[in-house]
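**Student:** Work the whole structure out from these sequences, hints included.
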Amino acid sequence: MSHAAVWRPPSPWPARWMGPALWLGLAAFVGWNLWNLEVDAARVARGLARAGTVFGRAFPPDFQRWELLLEGIVESLQMATLSTALGTVLGIPVAIMAARNVAPLPVYAVGRGIVSVGRTFHEIIVAIILVKAVGFGPLAGMLTLTVNSLGFFSKLLAEQIEQIDRGQVEAVRATGAGRGAVLLYGVLPQVLPRIVGLTVYQWDIHLRQSTIIGIVGAGGVGTTLYNSFSRYDFDFTLAILLVIVAIVGLGEWVSAWARRRIQ
Amino acid sequence: MLEVSALAKRYPTGDEALRGVSLTVADDEVVFVIGPSGAGKSTLIRCINRLVEPDAGSITLDGIELTTLPPAELRRARRQMGMIFQEFNLVERLTVMENVLSGRLGYVGLWKAWRRRFPPEDMAMAFATLRRVGLEGMENKRADALSGGQRQRVGIARALVQRPKILLVDEPTSSLDPKTSEAVMALITELAVEARIPALINIHDVPLARRFAQRIIGLGAGRVVFEGPPAALDRAALGVIYGGAGEELEGALA
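Read top to bottom, the protein sequences are chains A and B. Start counting the first sequence at 1; every next residue gets the next number (the numbering used here). Start counting the second sequence at 1001; every next residue gets the next number (the numbering used here).
If you are wondering where the hints come from, they were derived from the structure by calculation, not from laboratory data. Worth double-checking, as some hints may not be accurate.
List of simulated lysine to aspartate or glutamate pairs, DMTMM-like, C-alpha gap at most 25 Å [to be verified]:
#1 B/K1179 - B/E1087
#2 B/K1179 - B/D1122
#3 B/K1165 - B/D1027
#4 B/K1112 - A/E252
#5 B/K1141 - B/E1092
#6 B/K1141 - A/E170
#7 B/K1179 - B/E1190
#8 B/K1165 - A/E170
#9 B/K1141 - A/D165
#10 B/K1141 - B/D1055
#11 B/K1165 - B/D1122
#12 B/K1165 - B/E1003
Distance ranges between label pairs, derived from CB positions [as the list claims (entries may be wrong)]:
#13 A/P93 - B/G1063: 37 to 45 Å
#14 B/E1053 - A/G25: 25 to 33 Å
#15 A/P9 - B/W1114: 51 to 59 Å
#16 A/S116 - B/R1019: 42 to 50 Å
#17 B/P1071 - A/A27: 57 to 65 Å
#18 B/A1072 - A/G113: 22 to 30 Å
#19 B/N1140 - A/D165: 21 to 29 Å
#20 A/F121 - B/R1116: 37 to 45 Å
#21 A/G113 - B/G1063: 40 to 48 Å
#22 B/W1114 - A/A246: 56 to 64 Å
#23 A/P193 - B/F1127: 23 to 31 Å
#24 B/W1114 - A/F59: 53 to 61 Å
Ideal placement from N, C-alpha and C gives every residue a C-beta, glycine not left out.
**Tutor:** So this is what it looks like as structure tokens:
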């Protein structure tokens, strides 16, 4: 008896009809959204025209009030730097707590909890809450970015700690070293390059974020930006945006350079 | 004096690594443990300093029962046991000196350890030990910049500066070439005799065991199946230890 050589790739789905059904469902959902959100070509066209007017009024950019702009930028830089320092100092212990291979289970649970809270809310939401708590200004912004650090920095560092070479840690433990000494000699050297890299990267991210959280009153150049918008000073707005582009670009460049150096 | 009796260990995977192993290592004695892969050699050594927790049996070092020690006392007991590893297990990004000094971590406070401020006598011992293992002047090199043989010498120095009551040595030469293996094994046994530290050494390489051992223990499937001086390790004995593969191992008797 001869077998017909028919072969079909195994389906990732429990039943074959599920794949097409999923695509069909997705298409229906997108269609419903388009209808529901009243996506309408005419409205988009009108919006584009209006955007053109705004851009027209934005040229040429107005650097007359450069002192105000400088003040905002410096404030943003301060917020980013301070929150990075604070985030690193607080983030390292949290990362150790949140690494399953070095923390006992109850500590691990607390560590993961802190990381989750730090990651759950977008920085704008955190900023709104902190502005309510400590009032308008850069303090709220700095704290916002620190909370963000605890989520971002601690999570990535904890993942790195979970991947370290066990043998090196074991060798230090076998000498009779205590918990702290094992962390200092067995764990820390293995993740140090990552800590430096993440710190610089974090600063770069904070610099970017510090330009936006000012919109909800948490200080920095975002506040300046928001004020210029609400006064329809679009030429000043453009000046601010250009400076933000420059400063974020600079931050990215510094961050890339520093991370390349410590590879 | 190390005394192990009726030691048993079963891993959560179901592997029965040790099924009642008993042995002693007297002061000044260098004992080699041979046996095929999976015979339980590594588990045996790792149970002694409790990097692996044994299920049953007893282990005493100079009369102190190790299997029931609470954490703080276990750390104190570990200071007395110098371990040398198959993959060297040096902290790669630390210097040679930092790796050697980590053998003293059980004796210095955390703050001093952080600032690398070890007592002068520890420093003196570290320098002397580095000289003894042939790494004089290498103290500031990073561990990952060394060759395999040099790394294992650092591993040996780290174990020695503990001033241990016993050396636990787990396949110290399996990551090394034959010539380096011999030099490293000679160094370990010399130093053990010289410093009067008893040693329990796991090894794959039967000829090396025959050359350097005072006594050989053969482990097979988690049990002691041979025990005697190197001269007693004949073809029949190898057959017992390696499960009938004695003929293939004949070369080892040359």
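**Student:** Note whether the CB distance of B/W1114 and A/F59 lies within 53 to 61 Å or breaks it.
**Tutor:** With a Cβ separation near 57 Å, B/W1114 and A/F59 satisfy 53 to 61 Å, so the hint holds.
**Student:** Does the alpha-carbon distance linking B/K1141 and B/D1055 stay inside the 25 Å limit?
**Tutor:** 41 Å, violated
**Student:** Between the alpha carbons of B/K1179 and B/E1190, is the straight-line distance 25 Å or under?
**Tutor:** Distance of about 17 Å is within 25 Å: holds.
**Student:** Hey, B/K1165 versus B/D1122, does the alpha-carbon distance stay inside 25 Å?
**Tutor:** Between B/K1165 and B/D1122 the Cα gap is close to 17 Å, so the pair holds against 25 Å.
**Student:** Does 51 to 59 Å hold as the CB distance between A/P9 and B/W1114, or does it fail?
**Tutor:** With a Cβ separation near 57 Å, A/P9 and B/W1114 satisfy 51 to 59 Å, so the hint holds.
**Student:** Take the C-beta atom of B/E1053 and the C-beta atom of A/G25, compute their distance, and say whether it sits inside 25 to 33 Å.
**Tutor:** 52 Å, violated
**Student:** Is the gap between the beta carbons of B/W1114 and A/A246 within 56 to 64 Å?
**Tutor:** 40 Å, violated
**Student:** Hint says 23 to 31 Å; check whether the CB-CB distance for A/P193 and B/F1127 agrees.
**Tutor:** Holds: the Cβ-Cβ distance is about 29 Å, inside 23 to 31 Å.
**Student:** Quick check on a hinted range of 37 to 45 Å for A/F121 and B/R1116, using CB atoms only.
**Tutor:** With Cβ atoms ~41 Å apart, the hint holds.
**Student:** Is the hinted pair B/K1141 and A/E170 satisfied, with a Cα-Cα distance of at most 25 Å?
**Tutor:** Roughly 22 Å separates the two Cα atoms, so the pair holds.
**Student:** If I claimed the Cβ atoms of B/P1071 and A/A27 lie 57 to 65 Å apart, would that claim hold in this structure?
**Tutor:** Once the Cβ atoms are compared, 60 Å apart, the range 57 to 65 Å for A/A27 and B/P1071 holds.
**Student:** Regarding the pair B/K1165 and B/D1027, is the alpha-carbon distance no greater than 25 Å?
**Tutor:** Between B/K1165 and B/D1027 the Cα gap is close to 9 Å, so the pair holds against 25 Å.
In the structure shown, a violation is registered for the earlier hints numbered 2, 4, 10, 14, 22, in ascending order.
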